[in-house]
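Novice: Protein chains in written order, with the numbering used here: chain A, 1 to 490; chain B, 491 to 980.
FYI, nobody ran anything at the bench for these hints, they're computed from the structure.
Hints are supplied without guarantee of correctness; some may be wrong.
A few chain B residues facing chain A, derived, Cβ under 8 Å [claimed, not checked]:
id, residue
1, Thr503
2, Gln518
3, Glu519
4, Arg524
5, Val665
6, Asp669
As the structure is a prediction and not an experimental result, all values here were calculated from the model.
All C-beta atoms in this analysis are idealised placements derived from N, C-alpha and C, irrespective of residue type, glycine included.
There are 2 protein chains.
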Amino acid sequence: MAAYDDLMAYQRTTEALSQVAGRLGWDQETIMPRGAAEQRSEEMGAMEEILHARRTDPRIGDWLAAAKPASEDQKAQLRKIRRTYERNTKVPADLAAELARVTSRAQGVWAEARGNEDVAAFLPILGQVVDLRRQEAAALASDGNLYDALLNDYEPGATGVEISELFGRMRPRLVALRDKIMGASNQPDKLVGQFDADGQAKLAETLALTFGYNTDRGRIDRSVHPFSSGSGLDVRITTRVSESDPFNCFYSTIHEVGHATYEQNVDQAFLLTPLGGGVSMGVHESQSRIYENQFGRSEAFTQFLFEKMTAQFGTLSTPDPWAFYRAVNRVSPSHIRTESDEVQYNLHVMMRFDIEQKLISGQLDVADLEEAWNTQFEADFGVAVDKPSNGVLQDVHWSVGLFGYFPTYSLGNVYAGCLFEALKADIPGHEEAVRKGELSAVTDWLRDKVQVHGGLYGPKEVIERATGSAPTEEPLLSYLEAKFTKLYDL
Amino acid sequence: MAAYDDLMAYQRTTEALSQVAGRLGWDQETIMPRGAAEQRSEEMGAMEEILHARRTDPRIGDWLAAAKPASEDQKAQLRKIRRTYERNTKVPADLAAELARVTSRAQGVWAEARGNEDVAAFLPILGQVVDLRRQEAAALASDGNLYDALLNDYEPGATGVEISELFGRMRPRLVALRDKIMGASNQPDKLVGQFDADGQAKLAETLALTFGYNTDRGRIDRSVHPFSSGSGLDVRITTRVSESDPFNCFYSTIHEVGHATYEQNVDQAFLLTPLGGGVSMGVHESQSRIYENQFGRSEAFTQFLFEKMTAQFGTLSTPDPWAFYRAVNRVSPSHIRTESDEVQYNLHVMMRFDIEQKLISGQLDVADLEEAWNTQFEADFGVAVDKPSNGVLQDVHWSVGLFGYFPTYSLGNVYAGCLFEALKADIPGHEEAVRKGELSAVTDWLRDKVQVHGGLYGPKEVIERATGSAPTEEPLLSYLEAKFTKLYDL
């Protein structure tokens with residue numbers, strides 16, 4: 001027992017320091033004085049230096065060799081620690097440091113290139129990022145598969161082949177649905193108008209509480225891009241407000257509440273341990289997506305939101321609940337993944353997945369990236385890319401080295417589909433409660449079936465335990481087809 | 491050169507981590523969700539563990555032995571590092587850890603005891619704190635003087651004997667002045683009324699900017715007790731608002747701006763180095779005090795404040811600048827050090843100094859502390875202590891082990907007196923500018939003469955360099971006698 005206890009005490013300090021580093025990032029994106037940026041980057045660098053040294057400390061290897069787990073939970077802790085430790089020690093320190101430096105710089109280069117619509121200015125450093133991540137993947141890959149090595153950082157156990165097959169099954173049905181919707185005569189109106197910022201912020205807080213966010217262990221601030229940050233007893237979310245687009249504020253809030261409640265609801269026995277957070281990016285996204293889409297964009301919940309918005313802002317341009325529901329779920333051609341609807345969102349993700357696989361395998365050179373993007377975009381979406389900020393420069397991910405991350409968004413949607421199907425069977429009357437803004441039955445179900453387990457089970461295992469069967473795309477696709485057939489009277 | 495550079499790179503990371511720990515403390519006192527306290531205490535503990543390990547790392551000793559400084563600045567850096575390292579390595583790790591544990595707990599015990607007016611509940615843990623600090627002092631003291639060993643943590647180079655002599659010279663003149671004031675027929679009125687919180691916060695920000703606080707590298711928030719936090723490019727202050735007592739908000743803001751601008755104005759060449767902050771508690775307090783008192787409570791500045799307050803809140807109960815000035819500087823019997831006026835404040839400090847010397851020397855047992863306090867208070871102030879929260883339980887300091895800290899408050903006042911005398915000679919027209927709320931000439935003088943040097947010179951040396959002569963109590967006492975003679979028409 002001594003080795004296990006020593007290891008866990010060591011990990012506890014590391015987890016606490018990691019929470020501190022996260023909170024420093026939160027501060028930077030929300031309330032940090034502008035002029036503090038240079039010093040902050042040194043502070044973050046110091047935290048990363050300490051964390052990297054701790055995460056690769058050879059004592060971890062000794063403890064792992066000597067530790068005798070006394071329970072299934074302890075076995076799971078050791079599995080998680082071993083996986084992380086092996087991953088971290090496989091990557092040479094020089095390479096890890098170079099990656100940190102280059103990706104930190106690349107993010108700034110990307111932002112400027114996007115502002116200037118200048119792809120050429122971004123490609124040289126993107127080439128470096130791709131090259132370094134390929135080197136890292138080579139150090140990590142046990143079987144030579146570079147893409148899988150990267151994917152496993154975000155979705156343990158997933159493979160590129162499996163995701164290709166999944167996406168191959170999803171794509172034709174999504175394209176068929178999208179084409180039917182686009183051809184429908186019965187197109188919804190948009191919600192138009194000006195919605196004052198304070199009113200939006202107030203209603204966003206109401207929505208967060210409605211979806212079970214615990215503000216006694218969190219807080220809501222503003223940032224340029226909404227995010228959720230932290231684990232355990234201090235999980236903070238941010239939102240943003242655009243006076244002409246209140247859905248942006250409300251649905252990004254609900255989305256982040258999905259992430260945040262996952263972190264808040266993990267079994268407190270796992271607090272500040274390796275199992276004390278969400279198990280994978282895919283399962284994390286399943287929580288944010290089911291909150292945002294299956295509940296937030298449902299006919300039942302939009303009736304509640306319609307009433308709240310009418311009370312807050314007066315009569316809306318979509319003056320009845322059905323027109324409002326249709327406005328929330330309007331499908332239209334869009335260049336931007338993050339502004340996309342439930343039907344087309346996964347098509348955006350699939351395109352990123354196709355392209356990034358080729359970049360990592362070496363099949364596609366960054367010099368040819370823009371052409372590849374524009375060609376595939378027009379083929380997939382039937383619309384030409386008009387400018388780089390609507391095309392290859394729209395997402396920050398690749399600049400910071402996030403290759404293998406995009407598919408987890410769609411895995412999240414697939415998992416959300418499975419969970420929603422099981423939840424509907426378990427809670428037959430849920431829609432009537434949701435219509436009144438009473439979500440505790442459904443959020444409790446998610447808490448008890450998924451969130452409480454933290455990192456105890458693998459990603460697919462936690463979904464299978466919650467739903468009773470292995471995850472497939474079928475529930476998501478059936479849900480989308482049924483929902484939009486009714487919405488558009490197809 | 492290699493050893494010096496290695497040492498400084500190491501120190502830079504330590505300084506950056508120390509800034510992170512400080513910012514975590516700021517977060518805790520201002521915006522942290524209530525329910526995060528338990529996790530936060532583990533996060534702070536993890537940061538302290540890391541910092542303690544770095545500050546006692548034997549490599550520092552090796553680097554110090556091998557380093558060849560190439561300039562006076564480098565010599566000063568090494569002096570500072572050596573002093574801190576020797577201090578930290580003299581204290582056994584067990585004792586340091588025990589002190590951290592006990593003082594962390596004692597602060598909570600003190601707060602509860604104060605709330606319950608229950609001295610007996612506090613004394614056992616205070617006894618432990620005194621005992622541990624005595625052990626620590628014994629480990630630190632090279633000459634066997636326990637009190638000096640503790641004092642040197644806050645005011646390098648100061649001795650208890652020297653401070654006793656200083657206070658011995660100050661006390662009779664302060665008592666005589668206080669007694670004359672109390673006997674004057676011409677007592678000022680208090681400012682009375684209700685002053686709305688938002689108006690106070692707005693004016694506090696104006697005052698902060700007026701005194702040169704750089705909000706591009708800082709921010710102003712609320713906390714229970716106002717404080718300044720951080721060094722370099724991110725120095726944050728807090729204030730508090732009481733609707734019936736606007737001077738509390740305004741003068742605590744000006745006070746904290748004195749501390750904060752000192753940290754903001756240190757030469758940027760010292761950023762994230764051991765010399766990158768204020769040199770001692772006494773010199774720090776000289777900046778906060780000269781901002782708050784010699785300027786903030788001057789006849790010239792109170793005229794500016796009178797106009798600002800009248801514009802913000804309407805006609806005041808003290809309807810002309812002279813009555814307002816007298817209200818700001820009203821001297822009255824008070825049990826509470828922090829609410830005291832310029833004349834009596836140092837008498838409070840002297841009493842703490844007398845008592846804490848006896849606690850540390852072993853002459854006074856904590857069992858007899860309350861009686862000693864009450865007896866001396868009545869002798870010094872002519873008023874009986876009515877309850878422990880107005881007596882021995884009023885300050886947090888001793889609970890967290892701050893013995894040797896109190897006298898630095900009065901050293902700060904003494905230094906402020908010296909600086910003010912020199913500044914008046916250098917800037918003859920300063921009062922006319924201050925009357926208009928133009929403080930840049932005086933704050934620039936303090937920046938260039940004192941603040942820019944950070945920790946480069948010793949405490950007395952930086953005052954002597956600024957004023958041209960060694961610091962004495964004479965300027966402070968003459969200033970107080972002149973000011974209050976006129977104010978009370980003595």
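Novice: Determine for every hint whether it applies to the structure shown.
Specialist: So, going through the hints one by one against the coordinates:
1. Thr503: holds, 5 Å
2. Gln518: violated, 10 Å
3. Glu519: violated, 14 Å
4. Arg524: At 6 Å from the nearest chain A Cβ, Arg524 (chain B) passes the 8 Å test, so the hint holds.
5. Val665: Not OK, violated: Val665 (chain B) not within 8 Å of chain A, min 45 Å.
6. Asp669: Violated. Min distance 47 Å.
Checked against the numbered hints listed earlier, the structure breaks hints 2, 3, 5 and 6; every other hint is satisfied.
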